[in-house]
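Whole structure, please, built from the sequences with the hints as guidance.
As you go down the protein sequences, you meet chains A and B in turn.
To convert, note that position 52 of the first sequence is 51 in numbering that gives the first Met the number 0; the numbers rise steadily by one, no gaps.
To convert, note that position 54 of the second sequence is 53 in numbering that gives the first Met the number 0; the numbers rise steadily by one, no gaps.
No wet-lab data here; the hints were simulated from the structure.
Computed from a predicted model, the values in this text were never measured in an experiment.
Using N, Cα and C, we set each Cβ at its ideal position, and we do this for glycine too.
Don't take every hint at face value.
[Stated by the list, open to error] List time: in silico DSS-like cross-link candidates among lysine-lysine, alpha-carbon distance up to 30 Å: (1) K57/A <-> K83/A; (2) K26/B <-> K94/B; (3) K88/B <-> K83/A; (4) K83/A <-> K127/B; (5) K88/B <-> K71/B; (6) K94/B <-> K83/A; (7) K83/A <-> K123/B; (8) K62/B <-> K83/A; (9) K68/B <-> K83/A; (10) K26/B <-> K62/B; (11) K96/A <-> K57/A; (12) K94/B <-> K62/B; (13) K68/B <-> K26/B.
[To be verified] Coverage of chain A stretches by chain B, computed from C-beta distances (three or more under 8 Å per stretch; other residues unrestricted): (14) 15-26; (15) 32-42; (16) 143-153; (17) 159-171.
[Stated by the list, open to error] The following residues of chain B were derived to be distant from chain A, with all beta-carbon distances above 10 Å: (18) S36; (19) L69; (20) L84.
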Amino acid sequence: MGCEEKEREGEEEMILDDEVFAVLMAVVVVACVFSIAQMIPRNVEPFVAIGTLNEEGKLGDYPRVVVAGEPVRLQVFISNHEGKASMLRVMAKLGSKGNIPTNATFLNSSPIWDYIVVLDHGENVTVPVSLTLNEEGSDVAIVFELWEFNTSSRSWVYTGRWNHLYVNVTRQGVVHG
Amino acid sequence: MGLRYLLPFLLIMLVQPLLQVNAQPEKVEEAFIILESLSREGMNVSEPIRLLNSALALYRANKTEEAEKLLKQALGRLRELEDELPSYKFWRDLKLYSSIAVMAFIPIAFYYFFPRVYAFSWYKTRRKWVVRRRRGREKKK
Numbered sequence: 000m001g002c003e004e005k006e007r008e009g010e011e012e013m014i015l016d017d018e019v020f021a022v023l024m025a026v027v028v029v030a031c032v033f034s035i036a037q038m039i040p041r042n043v044e045p046f047v048a049i050g051t052l053n054e055e056g057k058l059g060d061y062p063r064v065v066v067a068g069e070p071v072r073l074q075v076f077i078s079n080h081e082g083k084a085s086m087l088r089v090m091a092k093l094g095s096k097g098n099i100p101t102n103a104t105f106l107n108s109s110p111i112w113d114y115i116v117v118l119d120h121g122e123n124v125t126v127p128v129s130l131t132l133n134e135e136g137s138d139v140a141i142v143f144e145l146w147e148f149n150t151s152s153r154s155w156v157y158t159g160r161w162n163h164l165y166v167n168v169t170r171q172g173v174v175h176g
Numbered sequence: 000m001g002l003r004y005l006l007p008f009l010l011i012m013l014v015q016p017l018l019q020v021n022a023q024p025e026k027v028e029e030a031f032i033i034l035e036s037l038s039r040e041g042m043n044v045s046e047p048i049r050l051l052n053s054a055l056a057l058y059r060a061n062k063t064e065e066a067e068k069l070l071k072q073a074l075g076r077l078r079e080l081e082d083e084l085p086s087y088k089f090w091r092d093l094k095l096y097s098s099i100a101v102m103a104f105i106p107i108a109f110y111y112f113f114p115r116v117y118a119f120s121w122y123k124t125r126r127k128w129v130v131r132r133r134r135g136r137e138k139k140k
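Right under this line is the structure:
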């Protein structure tokens, strides 16, 4: 009888505490579920981006006055996060105050500069641009539109992304305010 | 009379930007269509992208012959990758599903093995211990 009691006592005294084991088990289950969730491929929000930088490749300090016939030097930043490789095209066009693209419509004028590049997912490129504006005018909009090649329709589609920069184009030696 | 000429002229002016947008070497399109489908599947397409960008740079510089050579090279590489696609997809899926299976098995394995491994190591670290009857227990008896 005494021996049986001792055996029961021995059973109760566990090497690994039940509660400690339950906590460890919970940690392992949560870690594994989290890891599996990370492993399953998900569709990320696809997007492309365009940015206009100054001659030095920095944001801000853009030229405000441009001399007609002389080159304006800028840089264009293009980035692809579509989840696949994309063929992107940047077109520089000239607009005016109130005549710039929107998210849905592009500027209906001929491009003065055109650049096509293929970017892998997560890749970006900064392209130097040199534009020469020949006609004088105030508040001339230098517009950079981003287009993407659509493989289903085999045509270029406007992404709705654009940048614009207003400049005053003057004759040599004449500077408007 | 004036309107008869003005209308087509205006139409051409309107359509011209769109025509320019579609103007580009057909082979570049062909290469990119293959490249995009491969990249969508997660294949490494950095080499064909580099070749295609070099070809585009040569087209910009009006070096058409050299550009076409590179384009041909890119197309060749893309076709090779296209042939490898079924086997790539098979191994990619196998790797993914087996990793998930291994991850899902870890809690079960932990539940089964951990107490045993712990007990084993517990005994092993105490194997030189000498067991002595405690006096208090003896009294209880």
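Results of checking the hints against the structure:
1. K57/A <-> K83/A: Given pair K57/A, K83/A holds - Cα atoms ~28 Å apart, limit 30 Å.
2. K26/B <-> K94/B: Not OK: K26/B and K94/B at ~35 Å, beyond 30 Å, violated.
3. K88/B <-> K83/A: holds (16 Å)
4. K83/A <-> K127/B: violated (63 Å)
5. K88/B <-> K71/B: Judged against 30 Å, a Cα distance of about 25 Å means the pair holds.
6. K94/B <-> K83/A: It holds: about 21 Å lies between the C-alpha atoms, which stays within 30 Å.
7. K83/A <-> K123/B: Measuring from Cα to Cα gives roughly 55 Å; hence the hint is violated.
8. K62/B <-> K83/A: Since the Cα atoms of K62/B and K83/A sit roughly 29 Å apart, the hinted pair holds (cutoff 30 Å).
9. K68/B <-> K83/A: holds (25 Å)
10. K26/B <-> K62/B: At roughly 15 Å apart (the allowed maximum being 30 Å), K62/B and K26/B satisfy the hint.
11. K96/A <-> K57/A: Distance of about 24 Å is within 30 Å: holds.
12. K94/B <-> K62/B: Judged against 30 Å, a Cα distance of about 44 Å means the pair is violated.
13. K68/B <-> K26/B: Distance ~11 Å between K68/B and K26/B Cα, so the pair holds.
14. 15-26: n = 4 at 8 Å, threshold three: holds.
15. 32-42: holds (count 5)
16. 143-153: holds (count 4)
17. 159-171: violated (count 0)
18. S36: It is violated; S36/B is separated from chain A by about 8 Å at its closest Cβ, not greater than 10 Å.
19. L69: L69/B is indeed farther than 10 Å from all Cβ atoms of chain A, at 12 Å.
20. L84: holds (14 Å)
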